[in-house]
Amino acid sequence: MGIIKKQSVLNSLINYTGIVLGFITTIYLYPRIFDTEQYGLTRLLLSVSFVFTQFAHLGIKNISIKYFPFFQDKKNHHNGFFFIILLVPFLGMLLFLLIFILFDSFIIDFYSSENSVLFVSYYWYIIPLVFSILYFIVLDSYIRALFNSIPGSLASEIIIRVSTIILLLLYSFQYLDFEQFMIGFVGSYFLQPLYLIIHLINIGEFRIKLSLSIFKIIPAKELISFGFFGILGGISSILVNNIDIIMLGSLSGLTETGIYAIAFYVGSVIVVPKKSIAKIAPTLVAKHLKEGDLDEIEKIYKSSSINQLLVGVLIYIGVWANLDNLFSILPSDYSGGELVVLIIGAAKLIDMAAGINGVIILNSKYYRFDLYSIVFLIALSVALNYTLIPIYGISGAAIATFTSILIYNIIKCVYLWKKYHIQPLTNKVPWLLITGALVLVLFQFLPKIGGTYSDIAVRSILITALFSLIIYKLKISEDINLLIRQVLRRAKLIT
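Sequential numbering from 5 applies to the sequence shown in the numbering used here.
Please note that the accuracy of each hint is not assured.
Only pairs whose alpha carbons sit at most 25 Å apart, straight line, appear in this in silico DSS-like list of lysine-lysine [as the list claims (entries may be wrong)]:
no., residue 1, residue 2
1, K432, K422
2, K294, K225
3, K303, K422
4, K422, K291
5, K369, K294
6, K225, K369
7, K303, K477
8, K432, K369
9, K303, K225
10, K291, K369
11, K306, K369
12, K213, K225
13, K479, K423
14, K423, K306
15, K306, K479
16, K369, K422
17, K213, K303
18, K291, K303
19, K306, K294
20, K479, K369
21, K306, K477
22, K306, K422
23, K479, K303
24, K291, K477
25, K422, K294
26, K306, K291
27, K306, K432
28, K291, K225
29, K294, K423
Here are the computed distance ranges between Cβ atoms for each label pair [said to hold, decoys possible]:
no., residue 1, residue 2, range
30, L106, I333, 39 to 49 Å
31, Y396, Q448, 19 to 29 Å
32, L102, G191, 22 to 32 Å
33, R372, I488, 33 to 43 Å
34, I438, I414, 42 to 52 Å
35, H425, R372, 37 to 47 Å
Keep in mind the hints are simulated off the structure, nothing from the lab. Just so we're clear, the structure is a prediction, and the values are computed from it rather than from any experiment. Backbone N, C-alpha and C fix where the C-beta goes; we use that ideal spot for every residue, glycine too.
Model the full assembly from the supplied sequences, consistent with the hints where possible.
Right, here's the structure in full:
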């Protein structure tokens with residue numbers, strides 16, 4: 005748990021820095037520099053690329069986390085595992101290119117409506133995006149298997165966002181036209197795997213040993229089977245998280261996609277604590293499952309749930325209380341996304357309350373269940389989006405996402421209870437939710453304080469102070485209470 009706490013805190017700091025940079029790009033720069041269609045194009049290209057990437061890694065991302073403890077042997081170059089890490093995605097990339105070329109007309113036809121013409125013009129940019137994202141997630145999984153989740157966070161939260169800010173400013177001052185911006189935008193994703201390669205060289209782990217000895221340790225059949233289910237499960241998971249944007253691009257066009265993406269971003273700010281824990285938790289879960297230590301697994305399961313939910317509720321309150329301020333900053337073209345923010349935010353809270361259920365299942369002997377449940381979820385998500393988007397537009401997409409996440413997490417939590425008799429919730433959860441509701445209601449009646457930015461700052465500080473005081477007194481989370489005490493000691497407010 006010490007590793008989780010330490011790296012979760014560091015990841016949270018990186019992620020919150022990323023939020024600030026993301027706020028600059030997503031809330032301030034993109035809406036003022038691009039029209040909604042141009043912004044929608046960037047989101048759609050990334051969503052489609054993420055889906056293809058989950059196929060192209062051929063399961064090696066999941067194999068790295070689950071099986072690396074069996075191969076780990078630094079003196080023997082980890083039995084040549086790094087060579088496999090580089091080889092498998094290369095083969096996956098070749099297979100992706102074949103499928104991409106064979107089915108390009110189908111994908112283009114899917115987005116051939118007059119509202120999505122811009123996507124067709126930049127369709128081939130998906131290839132370099134997939135290559136960059138592919139090697140980033142594979143190298144990141146390898147580094148995380150070495151119990152270090154920080155480099156991947158720096159690459160995805162800081163490097164990409166700083167690069168985007170620079171490109172947007174260059175485009176704004178007309179040093180770049182839109183096509184040149186898009187070339188730079190796609191090219192910036194090469195920086196992520198490049199940074200991880202440099203990190204591996206610096207720590208002496210970029211050592212390629214041409215060996216297949218890992219198959220003497222774990223049978224190839226077992227690795228291929230796990231990798232196959234990892235591919236399908238990964239594709240399914242990414243589809244669930246991106247199907248709304250992908251289908252909006254086809255059914256409603258890039259303009260609606262751009263509006264939805266902005267609102268979705270604001271709502272997704274809540275998920276930062278989950279992202280921080282998710283970077284290191286799989287490695288430890290795999291280790292404890294290997295050792296058969298279910299008590300430690302349950303401890304991590306419950307701790308991840310209450311800690312994620314606590315911070316998530318605080319952020320959700322802050323977003324809700326500042327919703328009018330946030331949308332007053334955006335151009336009028338983006339109005340109408342308020343409901344999307346609240347629905348997506350609620351969906352993320354449900355996901356956080358469920359803790360690391362997916363991580364436990366995927367790294368257990370029941371990993372096949374993750375695929376079965378998510379295939380059902382994809383069918384449900386597609387059906388809901390096709391039904392709700394034509395009727396309710398972007399709000400329909402948000403409702404479909406909320407419903408999908410709710411059902412998916414119920415299924416996984418029930419399954420874990422059935423197999424391991426563990427569940428994520430503690431008796432502190434009702435008190436946490438009541439506290440959050442009371443604080444939110446209280447600050448709904450607080451009049452505006454000064455201008456927009458000063459009101460956001462003051463309102464957010466007051467909400468954080470009051471909420472933190474109450475949850476500290478109620479002892480909702482031992483980990484959070486310890487963190488608060490450490491902060492107060494450093495500020496010399498307590499001894």
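Hint-by-hint comparison with the structure:
1. K432 <-> K422: It holds: about 23 Å lies between the C-alpha atoms, which stays within 25 Å.
2. K294 <-> K225: Between K294 and K225 the Cα gap is close to 19 Å, so the pair holds against 25 Å.
3. K303 <-> K422: Holds. K303 to K422 sits at ~17 Å (cutoff 25 Å).
4. K422 <-> K291: holds (22 Å)
5. K369 <-> K294: holds (10 Å)
6. K225 <-> K369: Cα-Cα ~15 Å, so holds.
7. K303 <-> K477: Satisfied, since the Cα-Cα distance of roughly 22 Å is no more than 25 Å.
8. K432 <-> K369: violated (31 Å)
9. K303 <-> K225: violated (32 Å)
10. K291 <-> K369: Status holds; Cα separation ~13 Å.
11. K306 <-> K369: holds (21 Å)
12. K213 <-> K225: holds (22 Å)
13. K479 <-> K423: violated (30 Å)
14. K423 <-> K306: With Cα atoms ~16 Å apart, K423 and K306 stay inside 25 Å; holds.
15. K306 <-> K479: This hinted pair holds, its Cα atoms lying about 15 Å apart.
16. K369 <-> K422: Roughly 14 Å separates the two Cα atoms, so the pair holds.
17. K213 <-> K303: violated (38 Å)
18. K291 <-> K303: holds (14 Å)
19. K306 <-> K294: At roughly 20 Å apart (the allowed maximum being 25 Å), K294 and K306 satisfy the hint.
20. K479 <-> K369: violated (36 Å)
21. K306 <-> K477: Status holds; Cα separation ~20 Å.
22. K306 <-> K422: holds (16 Å)
23. K479 <-> K303: Within the cut-off at roughly 17 Å; holds.
24. K291 <-> K477: Distance of about 35 Å is beyond 25 Å: violated.
25. K422 <-> K294: Given pair K422, K294 holds - Cα atoms ~20 Å apart, limit 25 Å.
26. K306 <-> K291: OK: K306 and K291 at ~18 Å, within 25 Å.
27. K306 <-> K432: holds (11 Å)
28. K291 <-> K225: Roughly 21 Å separates the two Cα atoms, so the pair holds.
29. K294 <-> K423: holds (16 Å)
30. L106 <-> I333: 39 to 49 Å: For L106 and I333 the Cβ distance comes to about 45 Å; the hint holds.
31. Y396 <-> Q448: 19 to 29 Å: Given about 25 Å between the Cβ atoms, the range holds.
32. L102 <-> G191: 22 to 32 Å: Roughly 24 Å apart at Cβ, these two residues keep to the hinted range, so it holds.
33. R372 <-> I488: 33 to 43 Å: About 42 Å separates the Cβ atoms of R372 and I488, which means 33 to 43 Å holds.
34. I438 <-> I414: 42 to 52 Å: violated (22 Å)
35. H425 <-> R372: 37 to 47 Å: violated (20 Å)
Hints 8, 9, 13, 17, 20, 24, 34, 35, counting from the list given before, are not met by this structure.
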